[in-house]
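Let the hints inform the model, and build the full structure from the sequences given.
Protein chains in written order, with the working numbering: chain A, 1 to 114; chain B, 1001 to 1889.
Hints should not be assumed to be uniformly reliable.
[Unchecked claim] Simulated restraints, written as ranges between beta carbons of each label pair:
no., chain 1, residue 1, chain 2, residue 2, range
1, B, K1046, A, Y21, 28 to 38 Å
2, B, G1062, A, K85, 21 to 31 Å
3, A, D96, B, W1474, 35 to 45 Å
4, A, K85, B, I1477, 48 to 58 Å
5, B, G1062, A, N108, 24 to 34 Å
Hints are computed from structural coordinates only; laboratory data are not their basis.
Quick caveat, the model's predicted, so the values are computed rather than measured.
A virtual CB, placed ideally from N, CA and C, is assigned to each residue, including glycine.
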Amino acid sequence: MKKYHLGEFEEVVMLTIGILYKDAYGVSIKKEIEARLTRNVSVGALQTALKRLEDKGYLQSNEGEATEERAGRPKKYFQITALGKRAMEYTKTTRDELWKAIPKVALNPIIISS
Amino acid sequence: MRLMHQPPKIFLHFFRWFCQPKLLDSIEGDLMELYHERIEKIGKSKADLRFIADVIQLFRPGIIKSVESQHPINIYDMLKSYFKISWRNLVKEKMYSFIKIGGFATGVAACLLIALFIKEEISYDLQYPNHEHIYRVIGVITENGDLNKGVAFPAPMAATMKEDFPEILAAGRFNNSELFGAGSNEVRSAEEENNAYDEGFVYFDQELVNMLQLQFVYGNPVNALSQPNAIIITQRKADKYFPHEDPVGKQLILNNKTDRPYTIGGVIEDFKPTSHLQFNFLIGTTGLEFWPDEQKNWGSSNYATYITVADGVDPHALESKLTKGILENYFIPAMKEGGRSQADIDKLFKEKKAHIELQPLNEIHLFSSDIKDNLVHGDIRMVWLFGGIAIFILLIAAINFINLSTAKSANRAKEVGLRKVVGSLRSNIINQFLSESILFSTVSFILGLAIASVILPYFNVISGKSISLPWSEWWLIPALFLSSLLVGVLAGIYPSFYLSSFKPIEVLKGNLTRGVKSSPLRSALVVFQFATSIILLIGTMVIYRQMNFILDKNIGFDKEQVLLIQGTNTLGKQVVSFANELRDLPHVVELTTGDYLPVRGSKRNGNGFWNEGKQRIDPAVSSQFWQVDETYLSTLGIKLAEGRNFDRNLASDSGAIIINQKMAKELGGNMVGKWITNYAGLWNVIGVVENFHYESLREDIRPLAMVLGLEASTLAVKLKSEDMSETIISLTKKWNKFAPHQPIRYSFLDERYAAMYADVQRTGKIFTSFSILAIVVACLGLFALSAFMVEQRSKEISVRLVLGASINSVFQLLTWNFVKLVLIAFLIAAPMGWYMMTRWLEDYAYKTEIGLDIFLITGITASLIALLTISYQSLRAAWTKPITHLRAD
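Here you go:
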């Protein structure tokens, strides 16, 4: 069951990388998450997650261009691997199944109480 | 490239330091990009802050590099290999390792003990909360070119100082003079019958209690001494006299004086060992007057005075203000009133430059060797001396290490050569030998710590301290560890550079001559070792000579077989009949009832004397004024130079006085029959005694005057007995008849005399232990060095023996080199030792001479010890059959 484990934040990161497609590197991922989810993302948290995902084989990276405002350091672009894709899908299906399994009443408690 | 803003450097470096190299570039790029973007949006300072926050948040597992990845080349295994090789070498060369480590450990132990000793010495009186504002008042006059410093001041001075000078917030006094009953007394609780002898009595101001903020166990600190006849006792004494109870309000009886009990106002914690004040019973001064108007009298100085100054007061400015304000406004008028002549006063201020100094509280312990204060002190010179000796012993041990390492280099040369051939850099080899020396030093430190903890009790006995190893202090282990690293590096640095300088090609070709010949440096180090040891030997000899000189010197009285029975004041008037009964005992030759004895710790009473009618003209002759009886001179064997002894039967002898030759000389000579005067009246000089040493031999004999009186807290009994214990039993029987509630307490005059020089004995013992230590460590080195030398030259010796050399000539060949070094060391050490010990002897007015024999003895001793050390190896070499060494080739 632990085959494809994705934590909440990890899932968000994976999805965002998917959204950004060819343009997913540290700063852009951070900004995208902050913009879409209106939550603060620290560089530390993001980089730890990225490293973990890469170590698990869900992401792969390649070095990009170095610019002046990066003090000559290259960007590191991330892409979702096939394994990563399966993990995301697995997560999504398990969620969907869980959603489906909730009886309708449970989410509409007002009707019962009256 | 456009000049860019830089984020805070430290944090950037910090990040680079901890970040995994693989991640470093991209993350740093991200950080920089964000940083520059933020500068545009929110300004540099906020961007800096966010940058710092980011870096700190990046400091987490996953980003931080792991320990292994820190060293791309595996230095850990390298170190492991270094230590393994070191360990194998250590085990292989057992004797050399033992000498290296044993010597080092000894040095470390000595250093450790001395460091603890010094730490305690310099931490005196720091426990008093306000110590930086408290000063002791010192009176200074120059007499015959000598600075004369005292701490006794008139009773009203403390209060006057506080009143007249706003800088002074508080002023308190104590009086620890035996003359007034401080010191030791017979004491008991009012509920008890039996007296006990106790020491450490002092008259103490309530204000001084407040100033020092003494810690109370029972009672109210603010008013513990504010009632008349109040007394504060220490916890230790409370446990002795009032076990398991709060004694506040209970009463103590001193010397059977039931009419004047002392009420306990409080119990304080025992004075810490690091306090210059060490008392047990603080008697309050409230309402206390030793004679009418004593507390207003400026003519008599008996009180040690301490002041607390306000924040920011310059003590030097205050000193000159006090000198002017106190001496001129109070002392001079009092002296005039007391009948001192203007000449006398002028002399005191102009010629003798009388002035007041202030001594900070925490300097009292170490900087009071020239101050007469009736307290026990340390001496800053001892601190320096000890520190110096410790460092020298460690140096001697380190030299063994250096010498043996470089000498044995030949054996390691091949290893070094091979290492270089397979690619070691010089720095690698230096590192290897440094880690080896650090290993040695660490092992030595552990061993040294063990040795130190074992010999600490003995050290405490010798040094008179109560030091313990501060295991509970957090700094002990790190400090020792750091020191072992430091010492390891220092001792290893020369050998490792020397060994790593070998050229592989020469070494591997077999030119292993290095280390065989004695290098000049190695010789110099041996000379240094022995010079140090010889200086210590000379010191030891001179100190013992001086000690013997003191004990054997004709001091002008007979201190042998004189028993002092103490505490007889509790007998009251009965003391006379007790004395008479003792006289009838067969072994008692003579006895005297005198408190004023020619040893330290008995009563003293300083007075000014003049020839009759000259008190307003001449300066006073300051003299001791003792009350004795007519058998005093005969009991102590003091000889009359002129005139006669006291005679009880002559009524007129109550006005008679006997003076010593020194006083006679100062009063103008030919004194018998003349009249002299002091505060107590007019006296007729009936006799002059030969000078005798009634104070320490450090000082010249001062004037002394004796009159008839009955001061009887001590009976001095001259005995003539072979069987001392039997005599003491019969004396004890008599005593118990008179004082059934008080155990007899006695001491011997010669022991009391020797005790005056306990510090000299102590110094002597310390010097002996350290010089033995130094010699042993130096000899260990010499032994190892000679063993090595013999080993190296074994082939040469064998060839010599085969060709017909005598054992004698081989022996000479091997020993002469070393003996030569010891002789050179002696030539260097002798003048230095002579200079140092001459300086030490300057403390004594009466001293032994540093004769030639001392140098002869030390020189011969050192050479003999060295010779013995070497000859074992040399003889062994000379006696082995040549074939054993020649067979190998």
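Exercise. Tell me, which hint numbers fail for this structure?
Worked result: 3 and 5
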